[in-house]
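Undergrad: The primary structure of each chain is shown beneath.
Protein chains: 2
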Amino acid sequence: MATKQIIEEGLGFIPKFDDGGLMPAIAQDAKTGQILMIAYMNRQALDSTIQTGYATYFSRSRQELWRKGQESGHVQKVEQILVDCDQDCLVLRVTVDTGQCHVGYQSCFYRALKKDSVKELEFIAEKVYDPQKTYKKQS
Amino acid sequence: MATKQIIEEGLGFIPKFDDGGLMPAIAQDAKTGQILMIAYMNRQALDSTIQTGYATYFSRSRQELWRKGQESGHVQKVEQILVDCDQDCLVLRVTVDTGQCHVGYQSCFYRALKKDSVKELEFIAEKVYDPQKTYKKQS
Chain A
0 MATKQIIEEG
10 LGFIPKFDDG
20 GLMPAIAQDA
30 KTGQILMIAY
40 MNRQALDSTI
50 QTGYATYFSR
60 SRQELWRKGQ
70 ESGHVQKVEQ
80 ILVDCDQDCL
90 VLRVTVDTGQ
100 CHVGYQSCFY
110 RALKKDSVKE
120 LEFIAEKVYD
130 PQKTYKKQS
Chain B
0 MATKQIIEEG
10 LGFIPKFDDG
20 GLMPAIAQDA
30 KTGQILMIAY
40 MNRQALDSTI
50 QTGYATYFSR
60 SRQELWRKGQ
70 ESGHVQKVEQ
80 ILVDCDQDCL
90 VLRVTVDTGQ
100 CHVGYQSCFY
110 RALKKDSVKE
120 LEFIAEKVYD
130 PQKTYKKQS
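Protein chains in written order, with numbering that gives the first Met the number 0: chain A, 0 to 138; chain B, 0 to 138.
These aren't lab readings, by the way, just hints derived from the structure by calculation.
Keep in mind that this is a model prediction, so the values were computed, not measured.
There's no promise every hint is true.
Treat identical chains as interchangeable: a pair holds within one or across any two.
[Claimed, not checked] Straight-line distance between alpha carbons at most 20 Å, and here's what the computed SDA-like set of lysine to any residue pairs gives:
(1) K3 with Y134
(2) K126 with L21
(3) K113 with Q69
(4) K76 with S116
(5) K132 with T31
(6) K3 with D85
(7) K15 with Y39
(8) K114 with E78
(9) K76 with F16
(10) K15 with F122
(11) K30 with A124
(12) K15 with S47
(13) K113 with Y53
(14) K126 with L64
(15) K76 with T31
(16) K15 with R59
(17) K15 with R42
(18) K15 with S58
(19) K126 with V74
(20) K118 with D46
Could you build all of it, start to finish, from the sequences and the hints given here?
TA: In structure tokens form, the structure reads like this:
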């Protein structure tokens, strides 16, 4: 088993998946720095992402590999893969077109908690595409 | 139970914790957009973060609340809390000083997978402080 020193300070990529075989991956727009979404990868999704150069995740709800954009066309071209200190989370720096969230926004993070509120949100973005037209099959 | 429509399109903050009572929170530098770290929050950590205005997480390894910077001094002043479409992940937009990662770097994401490699990393940042001097107790 790799030591803390090797994991944190080494040059070996030793991704640490959780007990369910998954690790979180944050997609960040390589140009603007905007955080677009978080999703999960198993070993196969990670391998596919590295091999193809396009982000592939593992859908926990559908329990299957999910190549981002396979239905919507909103793919993520991976420019760089960063790993954190304990190697249990990735950042994918990606090039994208318009509209990464299935709800219609550029980013999944289109709402913020209102100042001085513990339960009220406010929208901080506007929709950039119509998901009804993009997704053939609505869930 | 809240509908998908209410969760995704509503103005109510209904954070969805996982079976272990946790949700991931991504800390992002509010000024530069740099992703600093990912950590986890339980309900209490989230409430504490909202109430105090400083990031508090739940340490999975130590199984206790962890106010970021309580030992190192590298606190995170929370400017804005974003929530994603299905409300199971947060982005904290934070103001920070130098050095957010316990290894000595500004961000925990100080290494990237080398181009055309599946197992070799390269450093993409330099240390900004000496953790030996900052942390009284080394793990």
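Undergrad: Treating 20 Å as the Cα threshold, decide for K126 and L21: within, between, both or neither.
TA: This pair counts as neither: shortest intra-copy Cα distance 30 Å, inter-copy 29 Å.
Undergrad: For the identical chains here, do K113 and Q69 meet the 20 Å Cα criterion within one copy, between copies, both, or neither?
TA: neither (34 Å within a copy, 26 Å between copies)
Undergrad: Go through the copies and call it for K15 and S58: within, between, both or neither, with a Cα cutoff of 20 Å.
TA: both (18 Å within a copy, 17 Å between copies)
Undergrad: Give the relationship of K30 and A124 under a CA distance limit of 20 Å: within one copy only, between copies only, both, or neither.
TA: Both, since 18 Å and 18 Å are each at most 20 Å.
Undergrad: Could you place K76 and S116 in one of the four classes (within, between, both, neither) given a Cα distance threshold of 20 Å?
TA: between (37 Å within a copy, 17 Å between copies)
Undergrad: I want to check one pair: K114 and E78. Are their C-alpha atoms no more than 20 Å apart within a copy, between two copies, both, or neither?
TA: between (35 Å within a copy, 9 Å between copies)
Undergrad: Indicate which option fits the pair K3, D85 if close means a Cα-Cα distance not exceeding 20 Å: within, between, both or neither.
TA: For K3 and D85, the Cα distance is within 20 Å only inside one copy (8 Å; across copies 34 Å).
Undergrad: My question is about K15 and F122: at a cut-off of 20 Å on alpha-carbon distance, are they close within one copy, between copies, both, or neither?
TA: Result: close only across copies, 19 Å inter versus 35 Å intra.
Undergrad: Is it within a copy, between copies, both, or neither that the alpha carbon of K76 lies no farther than 20 Å from that of F16?
TA: Answer is neither: 23 Å inside a copy and 30 Å across each miss the 20 Å cutoff.
Undergrad: Can you tell me if K3 and Y134 fall within 20 Å by alpha carbon in one copy, between copies, both or neither?
TA: The answer is between: 16 Å across copies meets 20 Å, while 44 Å in one copy does not.
Undergrad: Reference check for the pair K15 and Y39, CA-CA at most 20 Å: within, between, both, or neither?
TA: Both, since 12 Å and 16 Å are each at most 20 Å.
Undergrad: How do K118 and D46 come out at 20 Å by Cα distance, when the copy is not named: within, between, both, or neither?
TA: Answer is between: at 11 Å across copies they meet the 20 Å cutoff, but 39 Å inside does not.
Going through the hint list in order, the structure does not satisfy hints 2, 3, 5, 9, 14.
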